[in-house]
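Trainee: Use these hints to put chains B and C onto chain A, whose structure you have.
Chains as they are written, first to last, in UniProt numbering: chain A, 1 to 228; chain B, 1 to 247; chain C, 1 to 68.
Derived by calculation from the structure, the hints in this document are not laboratory data. Check each hint, because a few of them may be wrong.
[Stated by the list, open to error] List of simulated lysine to any residue pairs, SDA-like, C-alpha gap at most 25 angstroms: (1) K174/B - Y25/C; (2) K20/B - I30/B; (3) K55/C - N231/B; (4) K174/B - L201/B; (5) K79/A - N231/B; (6) K20/B - A243/B; (7) K164/A - L136/B; (8) K20/B - I208/B; (9) K116/B - M14/C; (10) K116/B - G16/C; (11) K48/C - I143/B; (12) K52/A - V125/A; (13) K174/B - E50/A; (14) K79/A - L68/A; (15) K55/C - E239/B; (16) K87/B - A54/C; (17) K79/A - I164/B; (18) K48/C - E150/B; (19) K174/B - G120/B; (20) K164/A - I164/B; (21) K152/B - K52/A; (22) K152/B - F38/C; (23) K87/B - L40/C; (24) K48/C - K174/B; (25) K53/C - R42/C; (26) K43/C - G120/B; (27) K79/A - M16/A; (28) K152/B - R224/A; (29) K43/C - W123/B; (30) K20/B - L40/C; (31) K43/C - G216/B; (32) K174/B - P117/B; (33) K152/B - P94/A; (34) K79/A - P94/A; (35) K174/B - F137/B; (36) K43/C - S144/B.
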Amino acid sequence: MKRGISFTQAFFTLLMRDLKIAVRHRGDIFNPLLFFIIVVTLFPLGIGSEAKILSRIAPGVIWVAALLASMLSLERLFKADFNDGSLEQMLLSPQPLQLLVLAKVLAHWLLTGLPLIIIAPLLAVLLHMEESAYPALIETLLLGTPILSLLGAIGVALTVGLRKGGVLLSLLILPLYIPVLIFATGAIEFAASSQPYDGQLAIIAALLVGSLVLAPFAIGASLRVSTN
Amino acid sequence: MWKWLHPYAEPQRAYRLAGKFIPWLSILAILMLLTGTTWGMVFSPTDYQQGDSYRIIFVHVPAASMSMSAYIGMAIAAFIGLVWQIKLADWMAASIAPIGAVITFIALVTGSTWGKPMWGTWWVWDARLTSELVLLFLYLGVISLYASFEDKVLAARAAGILSIVGVINIPIIKYSVDWWNSLHQGSIKMTGKTAMPPDMLVPLVINILGFGVMIGALSLIRFRSEILARNGMRPWVRELALAEGAK
Amino acid sequence: MQAQFQSVSDFLNMGGYGFYVWLSYGVAYVSLAILIGFTLTRKGRVLKEIAAKAKREQRLAQHRSAKE
Chain A
1 MKRGISFTQA FFTLLMRDLK IAVRHRGDIF NPLLFFIIVV TLFPLGIGSE
51 AKILSRIAPG VIWVAALLAS MLSLERLFKA DFNDGSLEQM LLSPQPLQLL
101 VLAKVLAHWL LTGLPLIIIA PLLAVLLHME ESAYPALIET LLLGTPILSL
151 LGAIGVALTV GLRKGGVLLS LLILPLYIPV LIFATGAIEF AASSQPYDGQ
201 LAIIAALLVG SLVLAPFAIG ASLRVSTN
Chain B
1 MWKWLHPYAE PQRAYRLAGK FIPWLSILAI LMLLTGTTWG MVFSPTDYQQ
51 GDSYRIIFVH VPAASMSMSA YIGMAIAAFI GLVWQIKLAD WMAASIAPIG
101 AVITFIALVT GSTWGKPMWG TWWVWDARLT SELVLLFLYL GVISLYASFE
151 DKVLAARAAG ILSIVGVINI PIIKYSVDWW NSLHQGSIKM TGKTAMPPDM
201 LVPLVINILG FGVMIGALSL IRFRSEILAR NGMRPWVREL ALAEGAK
Chain C
1 MQAQFQSVSD FLNMGGYGFY VWLSYGVAYV SLAILIGFTL TRKGRVLKEI
51 AAKAKREQRL AQHRSAKE
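The shape of chain A in the complex, shown without the other chains:
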């Protein structure tokens, strides 16, 4: 069978397409980011502005907010393509589905994960985070947010065909997010008290490699179920 274009071409075509669409709907990029900032700013207002408490809870707050923001933006990942039928075109195309799915997830991460990482240090300053914890914050977010996009994509792929998928989505993927959250905040807390945190970082990296290899297959299979 003739494939027409190479794997790399297919991958980048889809990636550029998703990025272009997102640039045209700028709100889709900024809304999760705004949500992230607002959630983080709510904590000092709710808990009190004492620097000691804030610096203690900073890693957890930033990570939980990042988790919720990434989940909020996930719905969009396959919804539009599902509604206008381009998702089915992707399933029918001779390119391997896993590759196309990976391109879509990468686009999602570039649009939502990366801005979070850029803005996170700023919020960490507002929360009086320990200075020694900054590298750990960036490293865990760099390694961790792609996992969130990958695992989240499985949940979205499973629920994209359902009318009321929103609440169900959180029930499906938040449990899968918990290990990432535990190790990431653990690493940042170790770093804040100037202890080595290589162990936690290595585990997050292992989770990333594992989900990078296995998640595309699960996403692909789920999409086939959802589009039937």
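Mentor: Chains B and C alone, transformed into the frame defined by chain A:
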């Protein structure tokens, strides 16, 4: 082998075959749970460290270990259903999920009522307790995903994928107490210097097996109802329904 | 093998841990009982539903043949 197995993959035969096993499994489960629990509650010696509070072990450990086994069983059934497109396996997976959720809930509640007198707190956020809680969420996710599709063939596939993805959690629970410093005590040792005395170990093992047999019996009962529910249009189910409804 | 408790009240007291032991057993067996209850009645519920559906279809078919 597949030729030999094929007739059993027919819903009606599976329904009858399951019906034959249910009474025996139920009797066995009741006997084992009665023996194990009575032995454990009345005759096992008092623990020199924990006093009589340790007797919660005879329901907590069986529930906790079976919550994981049931999940693995469900995931295997889901995998068979997904890969070989055997509907019976899908129905089996759907039947196990609610049972597993209840067993996991029991493991969490009994663990926390054991934790209160021993650790002084109902709950700690350590690796084992958290991952057991995640297991409960996974069960609930599978159940609600299965429930939210109108087309049950699709529902079974979607829930199957989710349960296979969730299998990653099982080794995390199993080895959490060995990998991380935890308030939760280590695994029970069968042999060696710190082994449990046989008067505690034997009833515990009887109860663990009893929970397993009970889960088997309950899954088969649910499996039979699931077969009926999914084959409502078949003549043999209609006959059965009309005969039962006439009573 | 010998019973570890001298009397019934001793047994219920569980060496001072009675509340926790019986609470955990209570919750465990009550939730099991609820599960077993739902599991046993499910077959009846499913069959009733199917029977109702079958009867409705029969009535519908009769109605149609009477019209013609």
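Trainee: Are the Cα positions of K79/A and M16/A separated by 25 angstroms at most?
Mentor: Status holds; Cα separation ~18 angstroms.
Trainee: CA of K79/A to CA of N231/B, is that 25 angstroms or under?
Mentor: 33 angstroms, violated
Trainee: Does the structure keep K43/C and W123/B at a Cα separation of 25 angstroms or less?
Mentor: The hint is violated at about 38 angstroms.
Trainee: CA of K55/C to CA of E239/B, is that 25 angstroms or under?
Mentor: 11 angstroms, holds
Trainee: Hinted pair, alpha-carbon criterion (25 angstroms max): K20/B, I208/B. Please report holds or violated.
Mentor: Roughly 24 angstroms separates the two Cα atoms, so the pair holds.
Trainee: Is the hinted pair K48/C and I143/B satisfied, with a Cα-Cα distance of at most 25 angstroms?
Mentor: Holds. K48/C to I143/B sits at ~23 angstroms (cutoff 25 angstroms).
Trainee: Do the alpha carbons of K116/B and M14/C lie within 25 angstroms of each other, as the hint requires?
Mentor: Holds, because 15 angstroms separates the two Cα atoms, which is no more than 25 angstroms.
Trainee: Checking one constraint from the list: CA of K174/B to CA of L201/B, max 25 angstroms. Satisfied?
Mentor: Between K174/B and L201/B the Cα gap is close to 19 angstroms, so the pair holds against 25 angstroms.
Trainee: Against the 25 angstroms threshold, does the CA-CA distance of K48/C and K174/B hold or violate the hint?
Mentor: With a Cα-Cα distance of about 42 angstroms, the restraint between K48/C and K174/B is violated, given a limit of 25 angstroms.
Trainee: With a cut-off of 25 angstroms on the C-alpha distance, tell me whether K116/B and G16/C pass.
Mentor: 13 angstroms, holds
Trainee: Take a quick look at whether K20/B and I30/B sit within 25 angstroms of each other, Cα to Cα.
Mentor: Holds, at about 17 angstroms.
Trainee: Is the Cα-Cα distance between K48/C and E150/B 25 angstroms or less?
Mentor: 20 angstroms, holds
In this structure, the earlier hints numbered 5, 13, 21, 24, 26, 29, 33 are contradicted, and the remaining ones agree with it.
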